[in-house]
Amino acid sequence: MLRDITLGQYYPIDSVMHRMDPRTKLFGTMVYIVSLFIADSLLVYVAAALFLVAAIRMSKVPVKFMVRGLKSIVVLLLISVSFNLFLTPGTPIFKIGFLQMTWEGVEFAGFMAVRLIFLVLGSTILTLTTTPNHLTDGLEKSLGFLGKVGVPVHEVSMMMSIALRFIPILIEETDKIMKAQMARGADFESGNLIQKAKAMVPLLVPLFISAFRRATDLAMAMEARCYRGGDGRTKMKPLRYETRDRVAYLVCFLYLTVMIGLKIIL
Amino acid sequence: MGIIRAVNLIFDYIRHDEENNKEETNRALSGVSLDIEEGSFVAILGHNGSGKSTFAKLMNGILMPSDGTVYIADMKTNDEEHLWDVRKTAGMVFQNPDNQIIGNVVEEDVGFGPENMGVPTEEIWERVDRSLEAVGMTAYRLQSPNKLSGGQKQRVAIAGVMAMKPRCIVLDEPTAMLDPNGRAEVIKTIHELNKQEGITVLLITHYMEEVIDADRVVVMDGGQVVMDGTPKEVFSRVNELKKYRLDVPQVTELADELKQAGMDLPDGILTIEELVDELAAKLS
Ligand SMILES: Nc1ncnc2c1ncn2[C@@H]1O[C@H](COP(=O)(O)OP(=O)(O)OP(=O)(O)O)[C@@H](O)[C@H]1O
Ligand SMILES: [Mg+2]
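These protein sequence lines are chains A and B, in that order. Quick note: the first sequence uses this note's numbering, first residue 266, plus one each step. Quick note: the second sequence uses this note's numbering, first residue 8, plus one each step.
FYI, nobody ran anything at the bench for these hints, they're computed from the structure. For each residue, glycine too, the CB sits at the ideal point set by N, CA and C. Any given hint could be a false lead.
Claimed, not checked - With a cut-off of at most 27 Å between alpha-carbon atoms, the simulated DSS-like pairs for lysine-lysine come out as follows:
hint: 1; chain 1: B; residue 1: K250; chain 2: B; residue 2: K266
hint: 2; chain 1: A; residue 1: K441; chain 2: B; residue 2: K154
hint: 3; chain 1: B; residue 1: K154; chain 2: A; residue 2: K444
hint: 4; chain 1: B; residue 1: K289; chain 2: B; residue 2: K250
hint: 5; chain 1: A; residue 1: K406; chain 2: A; residue 2: K500
hint: 6; chain 1: A; residue 1: K325; chain 2: A; residue 2: K502
hint: 7; chain 1: B; residue 1: K64; chain 2: B; residue 2: K172
hint: 8; chain 1: B; residue 1: K202; chain 2: B; residue 2: K172
hint: 9; chain 1: B; residue 1: K195; chain 2: B; residue 2: K172
hint: 10; chain 1: A; residue 1: K461; chain 2: A; residue 2: K444
hint: 11; chain 1: A; residue 1: K461; chain 2: A; residue 2: K441
hint: 12; chain 1: B; residue 1: K202; chain 2: B; residue 2: K64
hint: 13; chain 1: A; residue 1: K500; chain 2: B; residue 2: K172
hint: 14; chain 1: B; residue 1: K154; chain 2: A; residue 2: K502
hint: 15; chain 1: B; residue 1: K289; chain 2: B; residue 2: K239
hint: 16; chain 1: B; residue 1: K154; chain 2: A; residue 2: K500
hint: 17; chain 1: B; residue 1: K239; chain 2: B; residue 2: K250
hint: 18; chain 1: B; residue 1: K172; chain 2: A; residue 2: K502
To be verified - From the derived model, a few chain A residues whose C-beta atoms are all more than 12 Å from chain B:
hint: 19; residue: K336
hint: 20; residue: L341
hint: 21; residue: E372
hint: 22; residue: F376
hint: 23; residue: L381
hint: 24; residue: L391
hint: 25; residue: F410
hint: 26; residue: I427
hint: 27; residue: I432
hint: 28; residue: I434
hint: 29; residue: A448
hint: 30; residue: R449
hint: 31; residue: V470
hint: 32; residue: F473
hint: 33; residue: L531
To be verified - Computed from the model, here is a short list of chain B residues facing chain A with C-beta under 7 Å:
hint: 34; residue: W91
hint: 35; residue: M99
hint: 36; residue: N106
hint: 37; residue: F119
hint: 38; residue: N123
hint: 39; residue: I131
hint: 40; residue: N153
Sequences and hints are given; from them, build the entire structure.
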């Protein structure tokens, strides 16, 4: 059961978007987020919507997978929409007690909702079309400059990729320990919150011990294979920009210029 | 002079208390000397706690000797400047297949060693292709290691070491966590590497049947080498082996019992075929 959890939400098909360099996709996502934050009129939102639709089509990921990502923000969406609806001052539409809905509120809440939805969809494209490994690689390379000011970029990205490798193993192990403790009469389900938390102790202790043992083993195995940090390391799969990446950068810049232009004109 | 030379090797595990004072020392190896010839297949046997793993870890500088020296291809393992060459020369495969695979994709894991060594990209690919081919895992190269069986994971781990082009491989109970099929798979792979690539193999194991085909068997007990010879020589000393709490292969034990019961059989029978031949000759 627990082992069926898949990590990330990569959707494995072949598309231009999938083949694009992760750095390009990271950049594109960033540009898109920035553009959403400067957007403040209908036309600009239409432009953002077009860009998004184009990107979704290029990724070839079925729309229903995209929309699935929205489920997680429904609550957040509802809260922010209702706050905006009722708490924005302006010309009132109607009034219930101290709450009043205003025209400005409706407009603001509408934009707010669209902005949030676009934001989530935009970043979902990134995670649906990029494997976690690629994403880590892309982050390592894009943030490489931080290494010069002492941020351990390589180490952090190595940690991320090791975590990705071990999370499923640890989940499986949790499952095993849970069953072993249940066979000894442990009860993880009943009782109030505190009792449940207490019941977790016999689960967490062995899990931690085993995680530490694995960590020592792994460190030893890495050293035995000549690992000594990021310096002097070559890459089996170095990131390389292709024509499609250059085109994508160009499109992103154009898009951003248009968005800023629209904002200034309107 | 062999590719691996251990001279009077002593190793103490030292436990420190909170103030970093020595609290307890535990002598795991007390004077081990071994000389292993290049290209040979050497098996190390020993009861739990006899110091086999400690010995293995000393072979590529994961542990440093408390006293004595290890030479790998004439380089001292405790020379700081040679450490990385030592690790390139003597690869290491561990017991737990899960805890030694670093990559999220099989081929990336195999490429991990060469990447660390700074091998150029094209050559990494060549090495990865060859190593996966050599262990018969090419078909799985794009899979996640989590989806492989234990035996397959161990073969990936062996490929990962192979890709570093070592001259010898030390395997510390690589089959301990595998089922019989996985075990046979891994042992076959190791033998092939030894025969075809000429890589020196140092195989630590608990399973007697894995030892029979070795060129040389070393038995350790209490941190010392207590027996050393060809499988035939070692297994002909059944009583001595029992003293070191080791099992002998079942056929060998049967032959030994028959001999003690008065039958005239040669020492060191290791396979069923051998025993059958001997008995057939006796009975006809
Ligand atoms: N990390 C450690 N700290 C302290 N003592 C240790 C440590 N590892 C091993 N020892 C001790 O060193 C001795 C040799 O251990 P070693 O692990 O080398 O044996 P082994 O032959 O590999 O045994 P096994 O067959 O169980 O793997 C044992 O007495 C053990 O208790
Ligand atoms: Mg051991």
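The hints, checked one at a time:
Distance restraint check for B/K250 and B/K266: the Cα-Cα separation of roughly 19 Å lies within the 27 Å cut-off, and the hinted pair is therefore satisfied. Proposed proximity of A/K441 and B/K154 is supported: the alpha carbons are some 17 Å apart, at most 27 Å. For the proposed pair B/K154 and A/K444, the alpha carbon gap of about 22 Å is at most 27 Å, so the pair holds. Annotation: proposed proximity of B/K289 to B/K250 is violated, straight-line Cα distance about 30 Å (limit 27 Å).
A distance of roughly 12 Å separates the Cα atoms of A/K406 and A/K500; the hinted pair therefore holds under the 27 Å criterion. Simply put, A/K325 and A/K502 have alpha-carbon atoms about 24 Å apart, close enough for the 27 Å limit, and the pair holds. Distance hint between B/K64 and B/K172 is fulfilled; the C-alpha atoms sit about 19 Å from each other, no more than 27 Å. For the given pair, B/K202 sits about 15 Å from B/K172 by alpha-carbon distance, which is consistent with the 27 Å threshold.
The hinted pair formed by B/K195 and B/K172 meets the criterion: a straight-line CA distance of about 19 Å does not exceed 27 Å. Proximity of A/K461 to A/K444 is assessed by CA-CA distance (about 16 Å); at most 27 Å being required, the pair is judged to hold. About 18 Å separates the Cα atoms of A/K461 and A/K441, which keeps this hinted pair within 27 Å; it holds. The suggested pairing of B/K202 with B/K64 holds, with an alpha-carbon distance near 24 Å, which does not exceed 27 Å.
This hinted pair checks out: A/K500 and B/K172 have alpha carbons roughly 17 Å apart, not beyond 27 Å. At roughly 22 Å between alpha-carbon atoms, B/K154 and A/K502 fall within 27 Å of each other, so this suggested pair holds. Note on B/K289 and B/K239: the hinted pairing holds, with a Cα-Cα distance of about 21 Å set against a maximum of 27 Å. Distance check on the hinted pair: B/K154 and A/K500 sit about 24 Å apart at the alpha-carbon level, within 27 Å; holds.
Proximity of B/K239 to B/K250 is assessed by CA-CA distance (about 18 Å); at most 27 Å being required, the pair is judged to hold. Between B/K172 and A/K502 the CA atoms are separated by roughly 20 Å; this keeps the pair inside 27 Å, and the hint holds. Its beta-carbon lying about 26 Å from the closest one in chain B, A/K336 satisfies the requirement of being farther than 12 Å from that chain. Every C-beta of chain B lies more than 12 Å from that of A/L341, the closest at about 31 Å, which supports listing it as non-interface.
Non-interface status of A/E372 relative to chain B is upheld: no Cβ of that chain comes within 12 Å, the nearest being about 46 Å off. For A/F376, the condition that its CB be more than 12 Å from all CB atoms of chain B holds, with the nearest at approximately 40 Å. Non-interface call for A/L381 relative to chain B: holds, since the shortest CB-CB distance, roughly 32 Å, exceeds 12 Å. Here A/L391 stays apart from chain B, with its beta-carbon at least about 18 Å from theirs, past the 12 Å limit.
Here A/F410 stays apart from chain B, with its beta-carbon at least about 22 Å from theirs, past the 12 Å limit. Remark: the non-interface label on A/I427 conflicts with the geometry, its nearest Cβ contact in chain B lying 7 Å away (cut-off 12 Å). With a least CB separation of 10 Å from chain B, A/I432 falls inside the 12 Å interface cut-off, contrary to its annotation. Its closest Cβ contact with chain B, about 6 Å, brings A/I434 to no more than 12 Å, contrary to its assignment away from the interface.
Residue placement check: A/A448 keeps its beta carbon more than 12 Å from all beta carbons of chain B (closest about 22 Å). Remark: the non-interface label on A/R449 is consistent with the geometry, its nearest Cβ contact in chain B lying 24 Å away (cut-off 12 Å). In this structure A/V470 is separated from chain B by more than 12 Å, as the shortest Cβ-Cβ distance comes to about 20 Å. Every CB of chain B is more than 12 Å from the CB of A/F473 (nearest about 16 Å), matching its label as outside the interface.
Annotated as non-interface, A/L531 keeps its C-beta farther than 12 Å from every C-beta of chain B; the closest such distance is 47 Å. The criterion of a C-beta within 7 Å of any C-beta in chain A is met by B/W91, whose closest approach is roughly 6 Å, and the hint holds. About 4 Å separates the beta-carbon of B/M99 from the nearest beta-carbon of chain A, less than 7 Å, and the hint is met. Below 7 Å, beta-carbon pairs count as interface contacts, and B/N106 has one with chain A at about 4 Å; its hint therefore holds.
Nearest Cβ of chain A to the Cβ of B/F119: about 6 Å, under the 7 Å cut. The hint holds. The closest approach between the C-beta of B/N123 and any C-beta of chain A is roughly 4 Å, which is under the 7 Å cut-off, so the hint is satisfied. Annotation: interface hint on B/I131 holds; nearest CB of chain A at approximately 5 Å, less than 7 Å. For B/N153, the interface hint holds, the least distance from its beta-carbon to any beta-carbon of chain A being 5 Å, beneath 7 Å.
Checked against the numbered hints above, the structure breaks hints 4, 26, 27 and 28 and satisfies the rest.
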